[in-house]
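Enquirer: So the chains spell out like this:
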Amino acid sequence: MIAIFQKMGTRFLLITLLLSGSLTSCYSQEKNIRSEKLEFTTETIETGISVPWGMVFLPGGDILVTDKTGKIRVIRDNKLVETPIEGVPLVYNRSQGGLFDLELHPDYKNNEWIYISYAAPDDPAKPTGAITYIMRAKLSGSKLTDQQIIFKGSPFSKGGVHFGGRMEFGTDGYLYFSIGERGEKEKAQSLELYNGKIYRVKDDGSIPADNPFIDTPGAIKAIYSYGHRNPQGLALSPFTGQLWETEHGPMGGDELNIIRKGKNYGWPKITYGIDYDGKLISKDSVMEGMEQPVTFWRPSIGTSNLVFINSDKYPSWKGNILVCSMAKQYLERVELEGDKVVHQEKLFQGIGRVRTVAVSPEGFIYLTVEGAGKIIKIVPVIK
Amino acid sequence: MEYKRIFTGVSAITMIATLAFSVPLQNKKLEESKARGKELYGELCITCHLGDGKGTPGTIPPLAKSSYFAKNIDKAIYAQKFGLSEPITVNGIKYSVPMPAPGISDEEIADITTYITNSWGNKGRLITVKDVQRVTK
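Heads up: the protein sequence lines correspond to chains A and B, in order. Mapping to the working numbering: the first sequence position 130 is 130, numbers consecutive. Offset between the second sequence (1-based) and the working numbering: plus 1000.
Looking at chain B on its own, in the form it has when it is part of the complex (with noise of 0.2 angstroms):
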């Protein structure tokens, strides 16, 4: 009986602890990609979509507020891991030029995916492996 209690007792602290942690670890999980993320994009995306995100209008596509993927979070990692070719329109303006694939693993779009969908305003969650091996041709 006074097991029962201690253990009752001992299951709901860790419930509340797990609660109370979880959100923190996933926020955690979120800083961590979106800091690997920045790293990579600092590599790879910055020289043409620059350190603000926003491009250059007609020719290089915002990621700050960009309509392209706001809906559609496949949108941006279709862009990475196949490139682009087709001209797509962006907050009303058309964009022609081919983005080449970079040729980069399913974890680094990942870390680049929760960087550009959590910073310069927008708002995203974490982007993890399993939605970037969603994403298909």
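Extracted from the complex, chain A is given alone in its bound form (with noise of 0.2 angstroms):
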């Protein structure tokens, strides 16, 4: 009897451990590391999110992050609010397809602008194909209201692979954003088709009249830069102004770039990687009228987003960028001198999928990582 009750009790403490593990989420605190410049601890919320694809800081301390899988959570006081955001634009949750990025409205205080970038299916019941499209919406309580679809991306096709979906606000207060080459390679250096850019829109998704290809006949009007393969990092520089991306490449060929207005990024036609499958893709890495990566990884390291450091949390880092290695799974540290890359750290190998990378108001950097939704706070050790 009392052998059946001690079973009993330590099955209930099991169920009660994998409960509270699976309904709350967890928080902690670890040990110092040291890393070449800087000692930081780090501070982690489990989520349980498995591709926390983007984040976003609000002014009063919660943290929205995307669940690919079609749903907006929200961080309160390091914990995961249970019930999710409603008013959620339905995704295309195939591959890599889903619900992306968020990004806050430069100014947001005055008009809360939620900017949303996603996979839009073609017939939410039954869908059978998807593109990306960005969405505004603003968020009241729990809900998000007043939802406008501000560009839409052509045409819905059914793979499953590079949507892009990463969205930055420029210094112009122009929202920038990547749409992947949707696996159609070639489309990339089309103007007339949406594949494979990174776009130029006004914060309502009109077009800026300054726009590279505005007289070109026959081109969408919002491209900014093309010859994309699958851009999912954006960031400003704090420094300069430019936009820098992280774009994912084919075999050995991701790249680091600084996106100009109206230049050609050069896929398929030129690139540092082969196919997946050993073939060659081309045999040209250079061309005229094409621009370099300031640098590219061989091997792939699956960049996804990246962040400049400009804050005064991190002296030692100030300058550097932080780049997402999802298949590496790490977190990069790159040393820049101007343009040019001078030095690399790996930080957290072995970590798991880094997904995003950003820096909260208060100057604190924060990653997420796939698998168990772990976001990660790094905070330095002061002596």
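Hint data in this document are derived by calculation from the structure and do not stem from the laboratory. Everything numeric in this text was worked out from a predicted model, so none of it was measured. Keep in mind that the hints are not guaranteed to be accurate.
[To be verified] BS3-like, lysine-lysine: derived pairs with alpha carbons at most 30 angstroms apart: (1) A:LYS71 - B:LYS1137; (2) A:LYS126 - B:LYS1137; (3) A:LYS31 - B:LYS1094; (4) A:LYS158 - B:LYS1130; (5) A:LYS158 - B:LYS1038; (6) B:LYS1065 - A:LYS328; (7) B:LYS1094 - B:LYS1137.
[Claimed, not checked] Label-pair distances were calculated between CB atoms; the ranges are: (8) B:THR1056 - A:VAL286: 24 to 34 angstroms; (9) A:VAL81 - B:GLU1086: 22 to 32 angstroms; (10) B:GLY1121 - A:LEU90: 41 to 51 angstroms.
Note that CB positions come from ideal geometry on N, CA and C, so glycine has one too.
Two chains, two separate frames, one set of hints: put the complex together.
Expert: Printed below as a string of structure tokens:
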């Protein structure tokens, strides 16, 4: 009898532990990590979001995180709020498709616009294909309201790859965002097709009069640059105001680029990578009239997002960029001298697929890791 | 009588024909499923598991000659249906990178599984939608 009771007790305890693990997120602080130029500790929230694709910080202290499967979740006081945000657009959750990035309007305090990028399905009830859309909406309590689709890519296609989907506001107040080539590489070279481009629009989706292809017959007027494969990272340099991009390349061809107006980044005419089945994509990696990357990664690290460090919290990292590696599972710190990469350091090696990285309004670095859905805050150790 | 003989003769021929053709027919189905699976593999799996199915030791498990599903194909189907979040051991090496569920149909899972179990030296059979439906959480 006692034995049975004990057995039940253990089982009950186990169930309780399992439930508490799955129903509430867990928060922990970790021991100090010594890196090349900084000693830091981390604070981790385990959200259980298997792909935490994008993240944004609200003025009140809440963090909004996208769950690629189609939810926006709230992190409040280091805890995952149980109920997801309502009114999120339906997404095409196939392979890389789903809910992507979040971005606040530069004047969010006054107009409350939140920008949302996602793989929009052709038919929400029975999707057969999708393409990247941009919506803006306002958050009222735990509900999105005033939803407006401000940009629609085209056409819908079945493939689950290369949606791009990263967004960033420029110093000009315009919204920049990426759409990948959707697995149809040749289309990245055509100004008449949506595949493989960086776009620039006004905050309501209308086209700035000085967009580079505004007078080009047949061109999509929102295009800012072209010849991209799958740009999943965009970051504004706080030092130069330039837009930097990480592009998920083919095998051995991930790139770091500076995005310049009207330029052709070459995919698939030039690349440093080869196809995943080992086939040659192009014999060329340099061509007249096409931009060269700042650097490229061979072997591929599987780049996702990037961010510039301009925070007084990390003086020894100031001016560096941090790049997410999914395939190689780390965060890369890149030291720059002007437009040149002079040093690279691997942080958090083996942590899991690092999906996004961002700096909070207080100046702290946060990264998200797939799987357990970790949100990790990097806290410098002050001595 | 004469009819009966003809009938017997015809049915015998039919039987032989059926036997002779059913194997190629089965092979044809397998080849078709494998071809569709190859296409899907190129879309959904190749970036991590690579074209030769060898993956990256320690990070991405191999599908070529994998001990993980060699004796139980349901494990390969399960991973595609529901994703994997717990660490697994393949050919003696531990893998802990989670695999998100790709969110695809049972037909597509069947074709991909046919492809991976009949490629890179793997010798398997035709995987059907029924095989996929059988695997539950």
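Enquirer: All hints are to be evaluated individually against the structure, with a verdict given for each.
Expert: Consistency of the hints with the structure:
no.	hint	result
1	A:LYS71 - B:LYS1137	holds (22 angstroms)
2	A:LYS126 - B:LYS1137	holds (24 angstroms)
3	A:LYS31 - B:LYS1094	holds (25 angstroms)
4	A:LYS158 - B:LYS1130	holds (24 angstroms)
5	A:LYS158 - B:LYS1038	holds (16 angstroms)
6	B:LYS1065 - A:LYS328	holds (23 angstroms)
7	B:LYS1094 - B:LYS1137	holds (22 angstroms)
8	B:THR1056 - A:VAL286: 24 to 34 angstroms	holds (29 angstroms)
9	A:VAL81 - B:GLU1086: 22 to 32 angstroms	holds (26 angstroms)
10	B:GLY1121 - A:LEU90: 41 to 51 angstroms	holds (42 angstroms)
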